[in-house]
Amino acid sequence: MRLPLFLDIALGHLRRRKRQTVVSILGVALGVGFFVGINALMRGFQQYFITQIIDVAPHIVIRDEFRTPSPQPAFLAFPRAAVTVSGVKPKDEPRGIRNARAKLAELEALPGVAAAPTLQGQVILRYGTRDVPVSLYGIEPERERRVTNIERDLAAGRLEDLRSTANALIVGVGVAEKLGGALGDTISVVSPRGVTLSMKIVGLIRTGISSIDNGQAYALLKTVQVLQNRSNVVNQIRIRLDDVAQAEPLARRIEARMRYRTESWEETNRNVLSLFVIQNSIMYSVVGAILLVAAFGIYNIISTVVYEKTRDIAILKSLGFGERDIQAIFLAEGVIVGLLGGLVGALVGQGLIELLAQVRFANSGPVIGGRNGFILARETWPYVAGAAFALLASVMAALIPARRAARLNPVDIIRGAA
Amino acid sequence: MSRTLPGPPPVTIIQDASLAVAAGEFVAVTGPSGSGKSSLLYLLGLLDRPSSGTVLVDGRDTGRLGRSELDRLRLARLGFVFQFHFLLPEFTTLDNVLIPMRKLGRLDAPAMRARAQALLERLNLAEAARKYPEQLSGGMRQRVAIARALANDPALLLADEPTGNLDTANARIVFDIFERLTTEEGRTVIVVTHDPDLAARTRRRVQLVDGRIVSDG
Chain A
1 MRLPLFLDIA LGHLRRRKRQ TVVSILGVAL GVGFFVGINA LMRGFQQYFI TQIIDVAPHI
61 VIRDEFRTPS PQPAFLAFPR AAVTVSGVKP KDEPRGIRNA RAKLAELEAL PGVAAAPTLQ
121 GQVILRYGTR DVPVSLYGIE PERERRVTNI ERDLAAGRLE DLRSTANALI VGVGVAEKLG
181 GALGDTISVV SPRGVTLSMK IVGLIRTGIS SIDNGQAYAL LKTVQVLQNR SNVVNQIRIR
241 LDDVAQAEPL ARRIEARMRY RTESWEETNR NVLSLFVIQN SIMYSVVGAI LLVAAFGIYN
301 IISTVVYEKT RDIAILKSLG FGERDIQAIF LAEGVIVGLL GGLVGALVGQ GLIELLAQVR
361 FANSGPVIGG RNGFILARET WPYVAGAAFA LLASVMAALI PARRAARLNP VDIIRGAA
Chain B
1 MSRTLPGPPP VTIIQDASLA VAAGEFVAVT GPSGSGKSSL LYLLGLLDRP SSGTVLVDGR
61 DTGRLGRSEL DRLRLARLGF VFQFHFLLPE FTTLDNVLIP MRKLGRLDAP AMRARAQALL
121 ERLNLAEAAR KYPEQLSGGM RQRVAIARAL ANDPALLLAD EPTGNLDTAN ARIVFDIFER
181 LTTEEGRTVI VVTHDPDLAA RTRRRVQLVD GRIVSDG
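From first to last, the protein sequence lines stand for chains A and B.
When we follow full-length UniProt numbering, the leftmost residue of the first sequence carries the number 1, and every step to the right adds one.
When we follow full-length UniProt numbering, the leftmost residue of the second sequence carries the number 1, and every step to the right adds one.
Treat the hints as calculated values from the structure; they're not laboratory data.
There may be inaccurate statements among the hints.
Restraint ranges, calculated between C-beta atoms of paired labels, are given here [as the list claims (entries may be wrong)]:
id : chain 1 : residue 1 : chain 2 : residue 2 : range
1  : A       : 4         : B       : 23        : 43 to 53 Å
2  : A       : 308       : B       : 33        : 21 to 31 Å
3  : B       : 201       : A       : 308       : 17 to 27 Å
4  : B       : 131       : A       : 380       : 40 to 50 Å
5  : B       : 135       : A       : 355       : 44 to 54 Å
6  : B       : 153       : A       : 384       : 19 to 29 Å
7  : A       : 347       : B       : 135       : 15 to 25 Å
8  : B       : 63        : A       : 4         : 24 to 34 Å
9  : A       : 384       : B       : 63        : 24 to 34 Å
10 : B       : 135       : A       : 279       : 55 to 65 Å
11 : A       : 416       : B       : 51        : 13 to 23 Å
Using N, Cα and C, we set each Cβ at its ideal position, and we do this for glycine too.
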């Protein structure tokens, strides 16, 4: 089988300048390889981080707040009047999500959605002379275990103990440490409403996230309602989804329907996620710079070839090759370098990932996720994207000299060559 | 026709030249250096366009043709030989001769090879088919260039100082070939040369001075 003529000529040119061709291909390959390797490193860490966020907290939280406060009646009565109302005190109505049971039922009817009611509030845990303020969550264990990973994070005790023991309490390990209490100790819990209960520590939570371990406690919903003197009140509905990606759109839908402030995990962690965006932009610009340098290499080799091959271009044009034919030859050279570079780059990237996977941090013990090495994302798209970008850069780099070659006037060269 | 190179200042390199060449003619274009011999050949070979007047090939007015049609016409009907051989160094002798045929695409692959082989044999280059241009002598390279010019069976062969880089013996061989092409195959050959001995072997001589044809016959 024979290659098309222009490819034959293009390959001939590249074969003649083996060393330069190899250097150009390696330049592209390094760009692609680093992209693949670093991408796996950064995204691996980011994905781990995001899974942690998603795992520990519910995907969506509905709170008994409104994003925009309801307007004062005076404004409603005189919509366009020059009215100033100042010193308005909030209406003293019991807070909480109204009709929470019906809302829960409605949410649970959606496919892939699990929901749990929560009453959350600040309390002080008192043990001897020590006071520790914590955020106390009143939960229903049966529903809660479908919404958060609390059960998995229990370092001691069982979730069922909340039911089987009267006035049972689960606290973070850090909280227990600060109190000086241990599993089985009975402590006093004081709420802002002035209610005090004696509660028994039946479980300890260790998530690795200090805000939880050092500042949260869990009890039965009923108990917390008594403690906070808010019977039958629920101030949060926490939701877990089968498909995490649906969190944001679903949160918007829920808020539009129920009007309560509804936050998806993406909204709650927007600061971290935007940090990742910046991190990624830095990575992509560095890798883009590598590929840009590689593209200059390609531009250089093809320019040199065009310069050296002016005589060949002249004879081909006099034989009847058109501008397009000549351009195709030199573009093909760019494509060949780009393709080979992308291919070798994919291998370099794969190698880099395997190499990074071998790295172990000595002396520091398990760093994150119980490992002491890098967490690497192994995905296919970076290979494809890297190779595609390399190909694009190569074609762009080849385009300028190819255009110049195509426009050469054979008569000028033939005269000069004699 | 005339050809004026745009300035500044504009230079007229061919002035009011009129030339009709019949099929099978062997024509030499002579004249002192700078008289416009090569320029006339480039105009005839459709590599350049006249500023005024026109070039007819097979009775067709080439002034009306677009660039790609001119490329096609050159590929199919004209053959070029220059002072420098212009062979592609990455290709063997055989492949160099194949290039115009592959570009034209009129024959299938085996037929192209057979024709290239036959051309090389006729020019005594059979044993050079697998060699690269740099392995050949100057005379052989120029014969390969002639074989390439003949690849697509052109009606008209244009040669610009084809013997300029050759010794006398090789120059004579080249002219022998041109002579055979006209007498035996009925092709038209127009050759630019400043060598009066070689020009004397053609049957028609066109002499140029300062871009004008001063004698023809």
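How the hints compare with the structure:
At roughly 34 Å, the beta-carbon separation of residue 4(A) and residue 23(B) lies outside the given 43 to 53 Å, and the hint is violated. Range check, residue 308(A) to residue 33(B): about 28 Å between beta-carbon atoms, so the 21 to 31 Å window is met. In this structure the supplied range 17 to 27 Å is violated for residue 201(B) paired with residue 308(A), their Cβ-Cβ distance being about 37 Å. Distance hint for residue 131(B) and residue 380(A): a CB-CB separation of about 48 Å, consistent with the stated range 40 to 50 Å.
Checked against the hint of 44 to 54 Å, the pair residue 135(B) and residue 355(A) passes, with Cβ atoms roughly 47 Å apart. Checked against the hint of 19 to 29 Å, the pair residue 153(B) and residue 384(A) fails, with Cβ atoms roughly 49 Å apart. Hint check: residue 347(A) to residue 135(B), Cβ distance near 38 Å, so the stated range 15 to 25 Å is violated. Checking the proposed 24 to 34 Å range against residue 63(B) and residue 4(A) shows it holds: the Cβ atoms sit about 32 Å from each other.
In this structure the supplied range 24 to 34 Å is violated for residue 384(A) paired with residue 63(B), their Cβ-Cβ distance being about 51 Å. At roughly 59 Å, the beta-carbon separation of residue 135(B) and residue 279(A) lies within the given 55 to 65 Å, and the hint holds. Remark: the range hint 13 to 23 Å for residue 416(A) to residue 51(B) is upheld by a beta-carbon distance near 22 Å.
Hints 1, 3, 6, 7 and 9 from the earlier list are contradicted by this structure; the remaining hints agree with it.
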